[in-house]
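Trainee: Each chain, written out:
There are 2 protein chains.
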Amino acid sequence: MNKEDYFIKQFDKNSSFIGDDGALVDNIVYSNDAFFEDVHFKKNWFSLKQIARKAMLVNISDAIAMNAVPKYALLTVAIPKEYSKKDIKELSQGFLEVAEEYGIEIIGGDTISNIKLDISVTIISKTNDAKLRSGIKKDDLICYTGDLGTCKKDLEKLLAGKKISKKSKFYEPKLKADFFYEVSKYVNAAMDISDGLFFELERMSKQSKVGFKFFDDISPEIACSGEEYELLFSFSPKNINKIEEIAKKHDVILNIFAKANKGKFRCDCKNHHF
Amino acid sequence: MNKEDYFIKQFDKNSSFIGDDGALVDNIVYSNDAFFEDVHFKKNWFSLKQIARKAMLVNISDAIAMNAVPKYALLTVAIPKEYSKKDIKELSQGFLEVAEEYGIEIIGGDTISNIKLDISVTIISKTNDAKLRSGIKKDDLICYTGDLGTCKKDLEKLLAGKKISKKSKFYEPKLKADFFYEVSKYVNAAMDISDGLFFELERMSKQSKVGFKFFDDISPEIACSGEEYELLFSFSPKNINKIEEIAKKHDVILNIFAKANKGKFRCDCKNHHF
Numbered sequence: 001m002n003k004e005d006y007f008i009k010q011f012d013k014n015s016s017f018i019g020d021d022g023a024l025v026d027n028i029v030y031s032n033d034a035f036f037e038d039v040h041f042k043k044n045w046f047s048l049k050q051i052a053r054k055a056m057l058v059n060i061s062d063a064i065a066m067n068a069v070p071k072y073a074l075l076t077v078a079i080p081k082e083y084s085k086k087d088i089k090e091l092s093q094g095f096l097e098v099a100e101e102y103g104i105e106i107i108g109g110d111t112i113s114n115i116k117l118d119i120s121v122t123i124i125s126k127t128n129d130a131k132l133r134s135g136i137k138k139d140d141l142i143c144y145t146g147d148l149g150t151c152k153k154d155l156e157k158l159l160a161g162k163k164i165s166k167k168s169k170f171y172e173p174k175l176k177a178d179f180f181y182e183v184s185k186y187v188n189a190a191m192d193i194s195d196g197l198f199f200e201l202e203r204m205s206k207q208s209k210v211g212f213k214f215f216d217d218i219s220p221e222i223a224c225s226g227e228e229y230e231l232l233f234s235f236s237p238k239n240i241n242k243i244e245e246i247a248k249k250h251d252v253i254l255n256i257f258a259k260a261n262k263g264k265f266r267c268d269c270k271n272h273h274f
Numbered sequence: 001m002n003k004e005d006y007f008i009k010q011f012d013k014n015s016s017f018i019g020d021d022g023a024l025v026d027n028i029v030y031s032n033d034a035f036f037e038d039v040h041f042k043k044n045w046f047s048l049k050q051i052a053r054k055a056m057l058v059n060i061s062d063a064i065a066m067n068a069v070p071k072y073a074l075l076t077v078a079i080p081k082e083y084s085k086k087d088i089k090e091l092s093q094g095f096l097e098v099a100e101e102y103g104i105e106i107i108g109g110d111t112i113s114n115i116k117l118d119i120s121v122t123i124i125s126k127t128n129d130a131k132l133r134s135g136i137k138k139d140d141l142i143c144y145t146g147d148l149g150t151c152k153k154d155l156e157k158l159l160a161g162k163k164i165s166k167k168s169k170f171y172e173p174k175l176k177a178d179f180f181y182e183v184s185k186y187v188n189a190a191m192d193i194s195d196g197l198f199f200e201l202e203r204m205s206k207q208s209k210v211g212f213k214f215f216d217d218i219s220p221e222i223a224c225s226g227e228e229y230e231l232l233f234s235f236s237p238k239n240i241n242k243i244e245e246i247a248k249k250h251d252v253i254l255n256i257f258a259k260a261n262k263g264k265f266r267c268d269c270k271n272h273h274f
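Here the protein sequences come in this chain order: A and B. Each residue of the first sequence is one higher than the last, beginning at 1 in the UniProt record's numbering. Each residue of the second sequence is one higher than the last, beginning at 1 in the UniProt record's numbering.
Bear in mind the hints are in silico, worked out from the structure with no lab data behind them. Since the structure is predicted, the reported quantities are computational estimates derived from the model, not experimental observations. Fair warning: there could be bad hints in the mix.
Which copy? The list can't say, so a pair holds if one copy fits it or any two copies do.
[As the list claims (entries may be wrong)] As a list, the in silico DSBU-like pairs of lysine-lysine whose alpha-carbon atoms are at most 35 Å apart: (1) Lys-259 x Lys-42; (2) Lys-185 x Lys-71; (3) Lys-262 x Lys-153; (4) Lys-137 x Lys-157; (5) Lys-116 x Lys-242.
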């Protein structure tokens, strides 16, 4: 078990909420993700606006995957001493742009001076029908949206000092809020793909106590690609037509790749952290 | 204006919530404070358990000062790679101890590997009668609890490589939850003293649009001492007897030091950050 998982494990006894993308309390979802320099990004890879945008979007992704509508945000922002007012303005613009795009009000947080740019965002969202990782039923079909694999390749390119497309999802996740809010009533379980498809499937397997029968082999390039922020969800086979129709309407690619069965699934990807 | 304040100013237009220790939304208070290595503490000053305890307590202090009862916490914890499992266990014990002492459930967060120990805590609290910084009325009496000044002296000692008392409030703030929940119905405005009495009075002056007539001179040692986490509040003179009675019952020292008048108050302390 890695140290991060060991730390989280200490809190299992204290809480019945840990285990999903966010914590569901009385129809409110609380999600919280860090976005730290030299952990999640290198500063020469991104503009300051891109960094702020991505810090917001990876958190909003959690809310959407739980079928919750983000309402408020709290920001902890540790800013390097050498940043100019122009830098700070650009950074704040990124947060504000995404807040406006999603109708989120930034209600507070903490700002400090630090040796590097470290961001932590808490998003407060509302839902009447939360989707959890634990909802997969036996014989459910399992699918993910969009393409997987490009973020792993793009990260490898960046680490090798190469350039990547300006449109890369590594710079900015392509969230699918409208699609998922419409399709959610036909969905049994959901989460977003932040650490990689197989990492997330292991989490769903544990929470839902199911295994998966894959329809085809999935290559490590696809299975182990993190930072994708695509949706991963399960549904009853009887809803397949409705789900495909809604996907078509929103121009969302659906990859139905497995069926839930009795058993367990264990991820064999290497750790995704750089 | 320093860079932190400049950053926060960018969000003024987006939000009507910023300006108090926490953000009040529908009887829920959201407070969020960072506790970062080499910003708020040096690692040789504290044990890991003390660090975790203080990270929680400075956030709980915000909730109490708003007359809100903390219910849930989200933790962002960036852990140095070299920490052993024993270290991680000690750290988590600190969070769990305080959570248990205050009846808080730790419902989620994010854990990452980092070059230093950086913590950000979000506390979710409930209140039926929130106390804000904006509530001071003309002629209100202004008071703070406990002693001020020791934290500044203790910080200076630590920075000079000297030892301080194990009982120092710099290690562990002495919160006064029971006192404040009981006294709150007689209180017009409140906040905690995190950056120093005069820093906080300037914030209250702005939010309440009042100035202060001081009964005595206050020395810079007292006025500019940060990290005290004492309560600062205002009340109508007619409630003085009730408030003194409740303070006596809870063994809380009350320092009534000023009266609110027309005007403005500006802090002339030097910046408190080390």
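Trainee: For a quick check of understanding: which of the numbered hints are violated here, in increasing order?
Mentor: 1, 4, 5
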